[in-house]
Every structure is written in C-alpha cells, then in structure tokens.
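Chemist: Could you put the whole structure together from the sequences, leaning on the hints where they help?
Protein chains in written order, with my numbering: chain A, 12 to 123; chain B, 164 to 279.
Worth flagging that the hints you see were computed from the coordinates, not collected in a lab.
A hint or two may mislead.
[Said to hold, decoys possible] Derived lysine-lysine pairs resembling DSS-like cross-links, with alpha carbons at most 30 angstroms apart:
no., chain 1, residue 1, chain 2, residue 2
1, A, 110, A, 82
2, A, 110, B, 176
3, B, 189, A, 53
4, B, 189, A, 67
5, A, 82, B, 176
[Stated by the list, open to error] According to the in silico footprint, chain B covers these stretches of chain A (three or more CB under 8 angstroms from chain B):
no., region
6, 27-35
7, 56-67
8, 71-83
The beta-carbon is built from N, C-alpha and C at its ideal position, and this holds for glycine as well.
Residue-level listing of the chains:
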Amino acid sequence: GESVGLHLPTLSVQEGDNSIINCAYSNSASDYFIWYKQESGKGPQFIIDIRSNMDKRQGQRVTVLLNKTVKHLSLQIAATQPGDSAVYFCAEKEFGNEKLTFGTGTRLTIIP
Amino acid sequence: DAGVTQSPTHLIKTRGQQVTLRCSPKSGHDTVSWYQQALGQGPQFIFQYYEEEERQRGNFPDRFSGHQFPNYSSELNVNALLLGDSALYLCASSYGTTRERDEKLFFGSGTQLSVL
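Modeler: Pasting the structure below:
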C-alpha cells in the first residue's frame, strides 16, 4: 500500500547548526503534508504543514519544502537547540481521506 | 485553553480482557481520531468520529470500536486483547464541519497500554 518513509532513521547535529530532515512519499494523490515532533512520553506536536499547491512554507525557525515532482518533503530547522531533540514524523493525507499516513520517524540528536 | 486530554495515562491488562480509553478534544474541536503507535513506529490510523458517528476506519479488526458523545469526547474500546495490542494509543482532535475543514490534528499524550 501507499506509505510515507524517511531517508534516515537518525540524525545528529551540532547545536547552532541547521538541521534538515527528509521524507519521501509514494502517494501521488496526497495533497496535504504535515510535520510533527514527538518527545519521549508525549504525543506528536504539530510543527508545520503545507498543501500541495505550495512548494515552501516558513514558520518560526522551521521551513518545509515540498517537491511534488520527486515526491519529496523536507523539514529545515534553523539554529538547532537542545530542545529540538526528538523524533520527527512526516505525514501525508489525500483529499477526501481522513487518514494521516505517518512515516517511521527520524530521531534528531543535538550535540552540545 | 486545554489541549487534548486522555485517560488513563498507563494501563496494564491481560490477554482476553477488554479496555476502554477516553479522550477529551481540544476546546472548539468537534472531530476525534484515534491512532495506535507501536514502539519505534509512526502512528497508525484506527478510526475517526464526527457528529457521533464513525466517519472513517483504518485497517483494524472489529475488536476495536469507538464512540463519540454529544460533548465531542470519545472512547476507544478494545475487546479480547492480544499481546500485539500493546502500544501507545493516541487521540487527536480537529475541527471539521462540512463547510470548513482544518486538516491539522492536535494530539494528546496518549495512553500506554501493556497487554500481558
């Protein structure tokens, strides 16, 4: 079936550097994409979302890029801080479908 | 503004038993979705409730059932528990009328279910 996957299961970044987390999706009918951050013992926390009619969206210290041609999504975190350490999930949704399909996640570790 | 709240936070059951998990959506939200998250995996969609009815269901057996109340809160019931049902059960709420839809889901902290 359709799935959302991640290129790397773990990512270590120096504090202060920028982080880039990548995600590939396979459902060409997906029109909505969302990134979540999940800390240990907590539920997923919304970071940023983007619709398929956009290719870039910025938030506070975060940017999501969408490349529909190659079905690729990325999350950029600027000036990474220790509090950014968590597992990051991308998820996608098809119009008219209530289900969010999640990938397996990338663990981001910040090196002090 | 209260976010999504779930109870209990942890639960231990034995095989064959039944369990009920509870969720109160974020203030202003009318739609509740339930997800199962196995250790080291991404959440998997169980079902979604809107206007007290199951709007959509994922690939979960009939042992998984739910309910939504007039105040939009929801319950997830699992019958005849199996060892494989051990997971973090997440509730998410959103706002979704037929005229306006907000796709963003806001998650609770989950109920950690252990089946022995």
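Chemist: Indicate, hint by hint, whether the structure satisfies it.
Modeler: Against the structure, the hints come out as follows:
At roughly 19 angstroms between alpha-carbon atoms, residue 110 of chain A and residue 82 of chain A fall within 30 angstroms of each other, so this suggested pair holds. Distance check on the hinted pair: residue 110 of chain A and residue 176 of chain B sit about 28 angstroms apart at the alpha-carbon level, within 30 angstroms; holds. This hinted pair checks out: residue 189 of chain B and residue 53 of chain A have alpha carbons roughly 16 angstroms apart, not beyond 30 angstroms. Note on residue 189 of chain B and residue 67 of chain A: the hinted pairing holds, with a Cα-Cα distance of about 28 angstroms set against a maximum of 30 angstroms.
Restraint check for residue 82 of chain A and residue 176 of chain B: the C-alpha separation of about 42 angstroms exceeds 30 angstroms, so the hint is violated. Restraint check on the region 27-35 of chain A versus chain B: 0 residues with Cβ-Cβ distances below 8 angstroms, three needed, restraint violated. Here the region 56-67 of chain A counts 3 residues with a CB under 8 angstroms from a CB of chain B, which clears the bar of 3, and the coverage holds. A stretch counts as covered by a chain when three or more of its residues have a beta carbon under 8 angstroms from one of that chain; for the region 71-83 of chain A and chain B the count is 0, and the coverage is violated.
The earlier numbered hints that this structure contradicts are 5, 6 and 8.
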